[in-house]
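Using the sequences and the hints given, assemble the complete structure.
Listed here are the chains, written in short residue letters.
There are 2 protein chains.
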Amino acid sequence: MKFSCLQENLSQGLNTCTHLAGTSRTSLPILNNILLTAQKGFLKISATNLEIAIETKVRAKIEKEGKITIPAQLFNNYIDLLPNEALNFETIKEEISIKSKKQSAKIKGISSDEFPIIPLVETKEKFLIEGIILKNALEKTIFSISSSEVRAELSGALFSFNKPEVNKLTIVGTDSYRLTEKEVSIKNTPSKTIKNLIIPVKTLQEVLRIIKDEGDVDICLSENQVLFVYKETELTSRVINGEYPDYKQTIPQAIRTKALVKKEEFLRTVKAASFFTKLGINDINLKFLAKENQLIISSLNSQIGENKAILPAEIAGENNEIVFNYRYLIDGLTNLSGDEVGLEIVNDDTPGLIKSTTDKHYLYLIMPIKNN
Amino acid sequence: MKFSCLQENLSQGLNTCTHLAGTSRTSLPILNNILLTAQKGFLKISATNLEIAIETKVRAKIEKEGKITIPAQLFNNYIDLLPNEALNFETIKEEISIKSKKQSAKIKGISSDEFPIIPLVETKEKFLIEGIILKNALEKTIFSISSSEVRAELSGALFSFNKPEVNKLTIVGTDSYRLTEKEVSIKNTPSKTIKNLIIPVKTLQEVLRIIKDEGDVDICLSENQVLFVYKETELTSRVINGEYPDYKQTIPQAIRTKALVKKEEFLRTVKAASFFTKLGINDINLKFLAKENQLIISSLNSQIGENKAILPAEIAGENNEIVFNYRYLIDGLTNLSGDEVGLEIVNDDTPGLIKSTTDKHYLYLIMPIKNN
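Line by line, the protein sequences are chains A and B. Heads up: the first sequence begins at 897 in the numbering used here, then just goes up one per residue. Heads up: the second sequence begins at 897 in the numbering used here, then just goes up one per residue.
Hints were generated in silico from the structure; no laboratory data involved. Check the hints yourself; a few may be wrong.
To be verified - Listed next, with one range per pair, are the computed distances between beta-carbon atoms:
| hint | chain 1 | residue 1 | chain 2 | residue 2 | range |
| --- | --- | --- | --- | --- | --- |
| 1 | B | Lys1144 | A | Lys997 | 27 to 33 Å |
| 2 | A | Gln1101 | B | Lys1183 | 43 to 49 Å |
| 3 | A | Gln1145 | B | Asp1109 | 57 to 63 Å |
| 4 | B | Ser1233 | A | Gln1101 | 38 to 44 Å |
| 5 | B | Ala982 | A | Ile1177 | 51 to 57 Å |
| 6 | B | Asn1120 | A | Leu1175 | 54 to 60 Å |
| 7 | A | Gln1145 | B | Thr1230 | 25 to 31 Å |
| 8 | B | Ala982 | A | Gln1101 | 43 to 49 Å |
| 9 | A | Ser1081 | B | Arg955 | 34 to 40 Å |
| 10 | B | Ser1233 | A | Tyr1073 | 34 to 40 Å |
| 11 | A | Glu1045 | B | Tyr1143 | 55 to 61 Å |
| 12 | A | Glu1161 | B | Ser1233 | 41 to 47 Å |
| 13 | A | Gln1101 | B | Asp1235 | 36 to 42 Å |
| 14 | B | Thr1230 | A | Thr1089 | 28 to 34 Å |
We put the beta carbon where it would ideally sit given N, CA and C, even for glycine.
Structure, rendered in structure tokens:
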């Protein structure tokens, strides 16, 4: 194998793939390596952790085709430090030599024969979405997905095509304590037979890494796999088999109290109140006074002290009260756009809703902490 | 105790002191607290870890004098989140209440009787230095001080008054593998009897935190203690008893090779070479070719690979070669000002010098790794 390419192009490609190497649950040394494949006018860089695989192409002048695997982190770090100029690569046995104007290096690799085969996805369904729209939707949902894998179906986001006729995709995340739902437009009408699927949160975190700015993402589905194609990069992952809970029934309908508050002030107040919550319960009490147009936030820990804040709020409906875990409140408020935030409450026993005032297609639901 | 003050002023004072609370080697709960003392027109905030104490004053309207200790981190975090407005404080037994426009809180404290007494320094000698000059000198020296306390005398910086007649102070740091020396001007002529002293590196890290910008630092010395006074803040610390090594003799005089190289390029090259050094030895070979005006940087790890870079350098003197630990090189280069850096070498057996081209009063010395 012999090729040359620009440092900048190679560095970009490596930054896309390297992160995945070394993230496998198994400790196979080959999974710390990336596979370099020099072929017909480009260099392909591949990394996998056996659950997710990423491949990207880098423009290169290929003198002799070939393959080698080399330690991902070392190679990425080394290339990052070189100046942006033409770099010349050549393999001799299981070693790659790198030459630039002022530097030369040799890095020991492992035969490409040992690198896992990245399965091809047999596309049965396909849809297209604008990269920025997908990125934004993932940022607003995946934080609420369970990090535990005890309930496998909750360790991923639901991609639901319940409105295919209007080219809508709904992305849902939950850890059973809170839930996010975001509806986005897709660029084509998927077939009527397209099924909902659950994509692992770790896969979606990698998808977030590869989407930079403009450009569409092609999402191809097979029975057990999903393929994301964005520019020169392809990301393959398993999907989660399982039944996603019927989450729609948890979204309260008979709202009794609606409040509109300034987001930043509310967030600061919740943070201040968080210091006085009970350890492991993290309970913050919200009281809605309709006539006074006030939201009262309070917390109490008999060991530490207590806190009470009165915020002005536009309140419609009846007086109400609910207790939330402050962490879930902070997560939701942090991910919400707009200067104001809407709160919708039924009672202290029913999930409460946090809504964006600028994005009608997003909702965040928090289970209440029930009073003793 | 009853007082009021502006959130901004209190927050500044707390940020100066809070860090020290909770850093004690002992786990006395009172040391996680700060002492608030309301007296004659100001609020005093004190924190100590029994080795270092910091006290600062905040402008406040005192209605009733008094003292209380409260959890430092909690109080600081809570005050930081309040808007900049007048805050009203009042103690009831061992609890403090805080009231602002929209919020009220109560925090449980501990009686001030349990707070350690901060010793007064009986000043025997005193000198004055510009804050920025002290800050700069400490930043360039304390990184080289030993983090181990096996040799107590190396766990601090030497403050040496070897040129009192010209108002000079020399600050020295070493961990016995490398050494820094920085000479600075002081603003007065200390008495002839002033003795050198060793100040713990942890104390100097705290001093760095309190110096913000303009303003002088008063340094007062007693037999066993040192007091730094900067604006409204006083920092008291023990000094280290012990004999500082006679470091002057390790500074090589009979330099055989001098080289001048571009700093950023050299630093990047050392970082790139660092990936190929032997684990635990971190050895990078520097070769000076006088006729060619080249500095050759190389490293080799038979498990990983090898690296060689040729940098242009202005070389005076003879050909030479030396092996350094790359970490010490990176530390030194990172702390050096100017676009270029000077290297001065005797041979592969004698410490090498790294010099700033913009600061004649600073030197950095590295022990070589000797060839087998």
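query = Taking 25 to 31 Å as the hint, is the beta-carbon distance of Gln1145 (chain A) and Thr1230 (chain B) inside that range?
reply = 58 Å, violated
query = Cβ-Cβ distance between Glu1161 (chain A) and Ser1233 (chain B): within 41 to 47 Å?
reply = Given range 41 to 47 Å: holds, Cβ gap about 44 Å.
message = The hint says 43 to 49 Å between Ala982 (chain B) and Gln1101 (chain A); measuring C-beta to C-beta, is that right?
response = 45 Å, holds
Asn1120 (chain B) versus Leu1175 (chain A) beta-carbon gap, inside 54 to 60 Å or not = Given a distance of about 42 Å, which is not inside 54 to 60 Å, the answer is violated.
query = Between Gln1101 (chain A) and Lys1183 (chain B), does the C-beta distance stay in 43 to 49 Å?
reply = 45 Å, holds
Outcome for the supplied range 27 to 33 Å, where the beta carbon pair is Lys1144 (chain B) and Lys997 (chain A) = Given a distance of about 42 Å, which is not inside 27 to 33 Å, the answer is violated.
query = When you take the CB atoms of Ser1081 (chain A) and Arg955 (chain B), is the distance between them in 34 to 40 Å?
reply = For Ser1081 (chain A) and Arg955 (chain B) the Cβ distance comes to about 57 Å; the hint is violated.
message = Just to be sure I understand the hint, the distance between the Cβ atoms of Gln1145 (chain A) and Asp1109 (chain B) should be within 57 to 63 Å; is that true here?
response = 60 Å, holds
message = Holds or violated: the 28 to 34 Å window for the beta-carbon distance between Thr1230 (chain B) and Thr1089 (chain A)?
response = The hint (28 to 34 Å, Cβ to Cβ) is violated, given that Thr1230 (chain B) and Thr1089 (chain A) are roughly 60 Å apart.
ask   = Is 55 to 61 Å right for how far apart the beta carbons of Glu1045 (chain A) and Tyr1143 (chain B) are?
value = For Tyr1143 (chain B) against Glu1045 (chain A), whose Cβ atoms are near 57 Å apart, the range 55 to 61 Å holds.
ask   = Do Ser1233 (chain B) and Tyr1073 (chain A) keep their Cβ atoms within the hinted range of 34 to 40 Å?
value = This hint is violated: roughly 52 Å between Cβ atoms.
ask   = Within 38 to 44 Å or not, the Cβ separation of Ser1233 (chain B) and Gln1101 (chain A)?
value = Holds, at about 41 Å.
In summary, the structure is inconsistent with hints 1, 5, 6, 7, 9, 10, 14 from the numbered list given earlier, while agreeing with the others.
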